[in-house]
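J.: Chain order of the listed sequences is A and B. Position 14 of the first sequence, counted from 1, bears residue number 14 in the numbering used here, the numbering being contiguous throughout. Position 144 of the second sequence, counted from 1, bears residue number 144 in the numbering used here, the numbering being contiguous throughout.
Simulated from the structure, these hints should not be mistaken for laboratory data. Keep in mind that a hint or two might mislead.
Restraint ranges, calculated between C-beta atoms of paired labels, are given here [as the list claims (entries may be wrong)]:
(1) B:ARG105 - A:ASN123: 51 to 59 Å
(2) B:GLU111 - A:ASN86: 28 to 36 Å
(3) A:ALA73 - B:THR89: 48 to 56 Å
(4) A:ALA32 - B:PRO163: 55 to 63 Å
(5) A:TYR142 - B:ARG67: 41 to 49 Å
(6) A:ILE84 - B:TYR28: 20 to 28 Å
(7) A:ALA140 - B:ASN137: 32 to 40 Å
(8) A:GLU114 - B:CYS127: 21 to 29 Å
(9) A:TYR142 - B:LYS161: 48 to 56 Å
(10) A:ALA28 - B:PRO16: 27 to 35 Å
Simulated coverage check for chain B against chain A, where a stretch passes if three residues somewhere in it have a Cβ under 8 Å from a Cβ of chain A [claimed, not checked]:
(11) 37-45
(12) 98-107
(13) 115-128
Quick caveat, the model's predicted, so the values are computed rather than measured. Ideal Cβ positions, reconstructed from N, Cα and C, are used throughout, including at glycine.
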Amino acid sequence: METSSLVPSFVVFHVGTRRVALSRDCVAELIASPLLFSFPHTTPLITGVVLRRGRIVPVLDLGPGLLGVPSPAARFFLVVERHISNNSERCAIPVQGECELVAGIMFPATGQEEFVSGHLDLNEDQIDVLDLEKAIAAGANYRREPIMAGNLS
Amino acid sequence: MTQQASSILMPRDTRPREQVAVFSIGQYSFVISAASIQEIRSTDSLGGTVVELDRPVLRKVRHTVERDGRSYYVVSGYEHFHLPLCRPTTVLILRHAPVAVLVDRIEEMAEMRVLLSLPHSFRGEECIWYRGLTVLNRKVLPVANSQGFLTAEELQQLEMKNPPLLHTVAAPGKDRGRG
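Construct the complete structure from the given sequences, taking the supplied hints into account.
T.: Here it is, written out as structure tokens:
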């Protein structure tokens, strides 16, 4: 086996203004922004669903967790595999700009953000590698629109 | 009844089809099983049969309406789905729940060929509101759960605070069928 195949790969992308990375293993594909269907719901971060190869794929905006605000409109969606309880499910993450596939060594996280599992040194830039589930959890308290109380008492 | 499928559309769908009504509330469209609707009326035609609740315990329920000797809790579709308030013009009187839902209008009657489960990423109130998702005219639409407009807990709350209704409103769980 070649040495290079032992070096892990990462997909580097932008969420809003922030450049971050995910392990290549959890990324399924990068797709041009498809038609987004939205309907009322109360789950934070979900902006709607898209139809992809006959599947319903929820769209999750990482902006609130990473930046504190929703991401701007995206031209591309990164389709990732989530593991929720005993189920795995594909979700689409809106990304801005271009994505890169890079091989590199992940160094331990040094910051305070729980959703950063480490960082890559890439051309003298330090790129945070995300723990996807923790990044989603970080935005869990964010609501895109105010939700009215359903109970008067 | 349309059987629940996974989130994958089958290329050759031989499953039973289901008649549905497509209704709108605000800018959103929803699907509901036609079998779960007893009657569709305009709000203007309900008139004197509407009674204001003495003790409204839920923001979305402020009135009851009587039809054919039965009372139904009038649920505001706007409040139920947390949408900005507007003036509804149509009421869906449900068959298997003591519920009449205020909506904007009926868009069409259609045939639903597939019911896709709500993705696991959804974990809010929508898991009660919807039976799943469907695709009609190349649009993904949520399929409303007729039992989800008022949960058993909410019905109990309403009936406890408004005792006289116990005699006129159908008991929760009784005569309940598909959504």
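J.: If a hint holds in the structure, say so; if it doesn't, say that too.
T.: Outcome of the hint check:
1. Hint check: ARG105 of chain B to ASN123 of chain A, Cβ distance near 57 Å, so the stated range 51 to 59 Å holds.
2. Range check, GLU111 of chain B to ASN86 of chain A: Cβ separation about 34 Å, and the 28 to 36 Å hint holds.
3. Separation of ALA73 of chain A from THR89 of chain B is about 34 Å and departs from the stated range, judged on CB atoms against 48 to 56 Å.
4. Remark: the range hint 55 to 63 Å for ALA32 of chain A to PRO163 of chain B is upheld by a beta-carbon distance near 59 Å.
5. Checking the proposed 41 to 49 Å range against TYR142 of chain A and ARG67 of chain B shows it holds: the Cβ atoms sit about 42 Å from each other.
6. At about 25 Å, the beta-carbon gap between ILE84 of chain A and TYR28 of chain B stays in the expected band of 20 to 28 Å.
7. Between ALA140 of chain A and ASN137 of chain B the CB atoms are about 34 Å apart, so this pair conforms to the stated range of 32 to 40 Å.
8. At about 27 Å, the beta-carbon gap between GLU114 of chain A and CYS127 of chain B stays in the expected band of 21 to 29 Å.
9. In this structure the supplied range 48 to 56 Å is violated for TYR142 of chain A paired with LYS161 of chain B, their Cβ-Cβ distance being about 34 Å.
10. Take ALA28 of chain A and PRO16 of chain B: their Cβ atoms lie about 32 Å apart, and the range 27 to 35 Å holds.
11. With 0 residues having a Cβ less than 8 Å from any Cβ of chain A, the stretch 37-45 of chain B misses the three-residue criterion, and the hint is violated.
12. Under the rule that three or more residues need a Cβ within less than 8 Å of chain A, the assignment of the stretch 98-107 of chain B is violated, with 0 such residues.
13. For the stretch 115-128 of chain B, the stated coverage by chain A is satisfied: 9 residues place a CB nearer than 8 Å to a CB of that chain, which reaches the threshold of 3.
Violated hints, in rising order: 3, 9, 11 and 12; the structure is consistent with all others.
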